[in-house]
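S.K.: Starting from the known structure of chain B, arrange chain L on it as the hints suggest.
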Amino acid sequence: MLSEYWPVIIFLAISVGLGTALLVIGGLLGPSKPSVEKSSPYECGFEPFADARMKFDVRFYLVAILFIVFDLEIAFFIPWAVVMEDVGLTAFAAVVIFTLELAIGLAYLWKKGALEWE
Amino acid sequence: MNWQDLQVAAPEIIVLLMACGLLILDLFVSEQRRGLIHLVSLLILALAAIITLRGIPAIDAVTPVMAFGDTYVRDSMGDLLKVFAYLLMAMMLIYSRHYLRQFDMYRSEYYALALFALLGAMVLISAASMITIYLGLELMSLSLYAMVALKRDDKVATEAAMKYFILGSMASGMLLYGMSMIYGATGSLQIHEISQAIANQGSDNMILLLGLVFTVVALAFKFGLVPFHMWVPDVYQGAPAPVTLFISSVPKLAAFAMTIRLLQDSLGGLHGDWQGMLLMVGVLSIALGNLAALAQSNIKRMLAYSTIAHMGFVMLGLLSGTPEGYGASMFYVITYALMSAGAFGVVIFMSSKGIEADNLDDYKGLNQRNPWFAAMFALLLLSLAGVPVLVGFFAKWLVLQAVVNVGMTWLALVAVIFSVIGAFYYLRVIKLMYFDKADIETPISAPSDFRAVLTGNALLVLVLGIFSGPLIAACMAAF
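Line order of the protein sequences matches chains B and L.
Per this note's numbering, the very first residue in the first sequence carries number 39; after that it's consecutive.
Per this note's numbering, the very first residue in the second sequence carries number 9; after that it's consecutive.
Since no wrong hints were added, every one of them can be taken at face value.
Listed below are the simulated DSS-like cross-link pairs for lysine-lysine, each with C-alpha atoms no more than 30 Å apart in a straight line:
1. B:Lys-76 x B:Lys-93
2. L:Lys-361 x L:Lys-445
3. L:Lys-163 x B:Lys-93
4. L:Lys-163 x L:Lys-361
5. B:Lys-150 x L:Lys-163
6. L:Lys-372 x L:Lys-361
7. L:Lys-372 x L:Lys-439
8. L:Lys-163 x L:Lys-372
9. B:Lys-93 x L:Lys-171
10. B:Lys-149 x L:Lys-163
11. B:Lys-150 x L:Lys-361
12. B:Lys-93 x B:Lys-149
13. L:Lys-159 x L:Lys-361
14. B:Lys-149 x L:Lys-159
15. B:Lys-150 x L:Lys-159
16. L:Lys-159 x B:Lys-93
17. L:Lys-372 x L:Lys-159
18. B:Lys-150 x L:Lys-171
19. L:Lys-171 x L:Lys-159
20. L:Lys-361 x L:Lys-439
21. B:Lys-150 x B:Lys-93
22. L:Lys-445 x L:Lys-372
23. L:Lys-171 x L:Lys-361
In short, the hints are calculated from the structure, not lab data.
Values in this document were obtained by computation on a predicted structure and should not be read as measured data.
With the rest of the complex left out, here is chain B (with noise of 0.2 Å):
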């Protein structure tokens, strides 16, 4: 029974031995000259610290809004592609449907210059 977990384990060893060996090869061999600005956790190009209650650049939310759109995409064509030669025809007609729907709203966003950053 126990057994059946030996890949699970052997796959936390292995990313727990690269991680560790990664950062303590880098710490070793790498030249370290810090600054407030290297040393600062990384934010996305904001200040890390400040008040929340700031004003967003509005293309950040459309990278967010297309990221989740393709991301959905991806997390419902996966399982279909795995189990593809056992679904059959159907599922890859309702595949090839799901597919034309998004294309025809990505040309309609497109199209009405939704996608333009400026």
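M.R.: Okay, now just chain L, sitting in the frame of chain B:
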């Protein structure tokens, strides 16, 4: 999936394809020729109506046709509701064109969103599985939220859209929670299998009952029934008038179908349990809706409370649990949608140059400004109040009859008493139109297609009242 499945869902497929086509068409149509989008939208509705009507071989001989692995159904109830949904939406589009121009909202998104909302309503009407029901509901609701928020710069509209969105999402969450419990108790999502499972194992199951409670709460939210009615007045007031018209008509038909599918077709075995719940929300809605409407000075809010009261009546028919009661409720919800479309049509008619005529005082002396429309509005209001010969009376009559036939005479009495109280606020508007002097005496008019449709709408209320037989028979035959 085979050919027959596609035929069963043909109206939905056509509306989906054409709505997507409309989006693409809009990219190539210049702003001056936006009338084309309007015409194409009406054409889509006509096409959908033809396809739906061709599917009814004989309205009294109904065997529901299942499709897509029993997740989709086509029956005469669905067909009838869909045909009225097309009709209401066509009226809404013709009413709104005038308004959209005046309010600088004449964009094709309005049409696309309306068509997608209609598609959601159609899926909801025909859904025979919990997942399909949820899918239709979400498609409809999400399109409606966006339609309410279409006037982006308007503070009130944005606030209304926000409230609608948050409360609507909560209701969807409740529905999902209820569905998951029902699934846990019966082991199926298909409505017929659920009903079978309940028949086999009996209704004495705590999880099933909890699922039922959540489902009823979600339905009450969507209908806007007391005590889940808080969003109704705010959304009705804040949304642009044509969107309010839409919210008060097509989604109500869909919500009715959803109630039948969930409570009767799948949880029919628990009738004894949900009867009490519907009784409570129904009576509270009739009482609070009619009383609160008396105190309103904004006509959209007044009509919102009137919706709450009318939906309470729909619950009375449903709770009787007899085919007669369901038919009466269906007749009620269809005729209510027609009357409310007409009433909001008049609100649209009165609005001009970016100002909505939503105060009751704006209707003072309408008779001097446009006697014909004052008469039409009076007709619609009298029908909403339930004055005999008009269709609103027969709707109330049938529902009350169904309630009396299951031995709840006291309930009918309560409903009648509150309706009489409610008649006051409809009559007050008529008094304002005919016996008060107008503040502004300039005559008002509208484009000819608008006038024709509004006249037709108001006269339909009269004609359906006098010749109510066929529609009543069609509603009764659906169950």
